[in-house]
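2 protein chains.
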Amino acid sequence: MKKTMPTMKDVAQEAGVALGTVSKVFNGIPVGESYRIKVEAAAKKLGYEVNQYARGLRAGTTSTIALILPHVDHPFFSTLAQYICEALLQRSYRMLLYVTAAQPEAERECLGMVRQNKVDGVIALTYNQLEVVEGLPFVSIDRCLGPDIPCVASDNYTGGRLAAEKLLELGCVHPAFLRVGSPNLSETDKRGDGFESLCRAKQVPYEMLRLDDGAEDILFHEFFRSHMEDGKLSIDGIFCSTDLLACRIRTMLENLGIRVPEDVQIIGFDGIRQFGTGSLYCSTIIQPVRKIAETCVDLLLAKNRSNIPALVCLPVSYASGGTTNG
Amino acid sequence: MKKTMPTMKDVAQEAGVALGTVSKVFNGIPVGESYRIKVEAAAKKLGYEVNQYARGLRAGTTSTIALILPHVDHPFFSTLAQYICEALLQRSYRMLLYVTAAQPEAERECLGMVRQNKVDGVIALTYNQLEVVEGLPFVSIDRCLGPDIPCVASDNYTGGRLAAEKLLELGCVHPAFLRVGSPNLSETDKRGDGFESLCRAKQVPYEMLRLDDGAEDILFHEFFRSHMEDGKLSIDGIFCSTDLLACRIRTMLENLGIRVPEDVQIIGFDGIRQFGTGSLYCSTIIQPVRKIAETCVDLLLAKNRSNIPALVCLPVSYASGGTTNG
Chain S
869 MKKTMPTMKD VAQEAGVALG TVSKVFNGIP VGESYRIKVE AAAKKLGYEV
919 NQYARGLRAG TTSTIALILP HVDHPFFSTL AQYICEALLQ RSYRMLLYVT
969 AAQPEAEREC LGMVRQNKVD GVIALTYNQL EVVEGLPFVS IDRCLGPDIP
1019 CVASDNYTGG RLAAEKLLEL GCVHPAFLRV GSPNLSETDK RGDGFESLCR
1069 AKQVPYEMLR LDDGAEDILF HEFFRSHMED GKLSIDGIFC STDLLACRIR
1119 TMLENLGIRV PEDVQIIGFD GIRQFGTGSL YCSTIIQPVR KIAETCVDLL
1169 LAKNRSNIPA LVCLPVSYAS GGTTNG
Chain F
869 MKKTMPTMKD VAQEAGVALG TVSKVFNGIP VGESYRIKVE AAAKKLGYEV
919 NQYARGLRAG TTSTIALILP HVDHPFFSTL AQYICEALLQ RSYRMLLYVT
969 AAQPEAEREC LGMVRQNKVD GVIALTYNQL EVVEGLPFVS IDRCLGPDIP
1019 CVASDNYTGG RLAAEKLLEL GCVHPAFLRV GSPNLSETDK RGDGFESLCR
1069 AKQVPYEMLR LDDGAEDILF HEFFRSHMED GKLSIDGIFC STDLLACRIR
1119 TMLENLGIRV PEDVQIIGFD GIRQFGTGSL YCSTIIQPVR KIAETCVDLL
1169 LAKNRSNIPA LVCLPVSYAS GGTTNG
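Just so you know, the sequences run in chain order S and F.
Read in order, the letters of the first sequence are residues 869 to 1194 in our numbering.
Read in order, the letters of the second sequence are residues 869 to 1194 in our numbering.
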């Protein structure tokens, strides 16, 4: 079942009119009514589709958006890509996807490709400072790149406060915040800030351990050992900066003979769901991924760019997932 | 940190030469040596990047490939998208991603968009018969669309045989194959064929249950009940067409009081790994996702298209994941 794409020339031939007449009709330039009818009938008969791409080139638009992500095979990013792609297709936009592994060179290279390729805008989740192309609509996820580039993120600060609040509510008296992540400043750093602010307000003693990506288990083990007395951990609640870290810490603690949630309760961040069952990996602060995706697309395609915000934080929620007592 | 993109005009001004000279240099047309040096120095100084996109338009190429998938938030598809994107970026190609939810209309619409958009080729995992654009390189995953369109898949048939062989090796004497999937013909149907062929060759009595997508649990329950005597299941090994189905069947059986793997062993298909730990959800036949991705890209971009195969099946392997006795 093959089909050759008809050209404007084919339409002109079929309609028995000049090529210029066909071009005028397709571009909305007035021609005699009888010509317009002939051309439209011929186009319909041949299945001619007006080439929006070529038309876009003339208008300087391509209906194409670039999405730059570190990976697309991580559950958070793949869900984000899915929702952004859906939101764009609904608006008849196409999505170019770039993956960078969060490497500065790869991110710069992607932006170079975007500059060379004609796109109408960029949505990017990057880990490094980037030179942004002037005049090109750009929305950043999780990282503020500059005053004119809107950043969309979860309400990480409130999420951190919520996690601390939950741990205290569930009986913890000595909570800790653990984090591994990029050394570059990001909205996600506010998870720890929110946690700290609530513990301070409630005058609860707390611990903070922030490590950079690639940190080995030994550093966490040292931290735990320094908070153990007679084989018992003095920390009774842990807020981890991601679900991935929460899973890692849980395994580490269980290997040390410490029970979760009996001895220590753990809350992660993200809301990653298990394949198949859809259940959570751990108790967690859930990111509103669909809202993040739709907000990015709405901001990127906004006609009126005079009221574009610098930062949009979307509401998070807590859900119990087996690593807490509720 | 913003940067305006320099134009050819800026380069001409900087070099103190005519615009036509700059154009010649960028397009490899000979000019006086001193002019070439001036232009190249100016381009370098201004950070001018030759617009490959505009150049591609003249050459009739765009260095852009469309990838059409049902979803990108399912682990198999997200891994596939990741590897295809990596393989394309390595070759300086960009990837347009379309998601269709496997709906015939959405798939046709995507192909319509691809026709309108200029791309150099299409890689698609579709569920419905499609009209393919003549002359446009096209690689299909898991579904044979026609004699001139190469199809890339796992060696599903061997995978089915391997699953049956494993179940028999692990002591099963009455195995079954269960499947839910699209009613449209697909390479993945060969999983059941391979299973059946091995059971026949070994003269082992076996059961087959093939249901369409959306089949409710009640149909599986009826099947199980019809193979139960005195509360014991006569079936002692199950090969499921996907890991997702294997997880679903496992839960169903455990709710019926049947233990996995003690009473019945289960093997899935795909090789989906758990987030964080990377462990398998079940014993399974692993699809070589990276090889599938790279083969698609290699076939799509092959210069010599006279030797393009109709079907490429890539080797699968078995791995134990807790739902079998080995």
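Think of the hints as simulated: they come from the structure by calculation, not from any bench.
C-beta atoms are modelled at their ideal positions from N, C-alpha and C, and glycine is treated no differently.
Check the hints yourself; a few may be wrong.
Have a look at the derived ranges for each label pair, beta carbon to beta carbon [what the hints assert, rightly or not]:
{"no.": "1", "chain 1": "S", "residue 1": "996", "chain 2": "F", "residue 2": "997", "range": "41 to 47 Å"}
{"no.": "2", "chain 1": "F", "residue 1": "1145", "chain 2": "S", "residue 2": "1125", "range": "16 to 22 Å"}
{"no.": "3", "chain 1": "S", "residue 1": "1185", "chain 2": "F", "residue 2": "1158", "range": "50 to 56 Å"}
{"no.": "4", "chain 1": "F", "residue 1": "912", "chain 2": "S", "residue 2": "960", "range": "38 to 44 Å"}
{"no.": "5", "chain 1": "S", "residue 1": "960", "chain 2": "F", "residue 2": "897", "range": "48 to 54 Å"}
| task | Please write out, lowest number first, the hints stated earlier that are contradicted by the structure. | result | 3, 5
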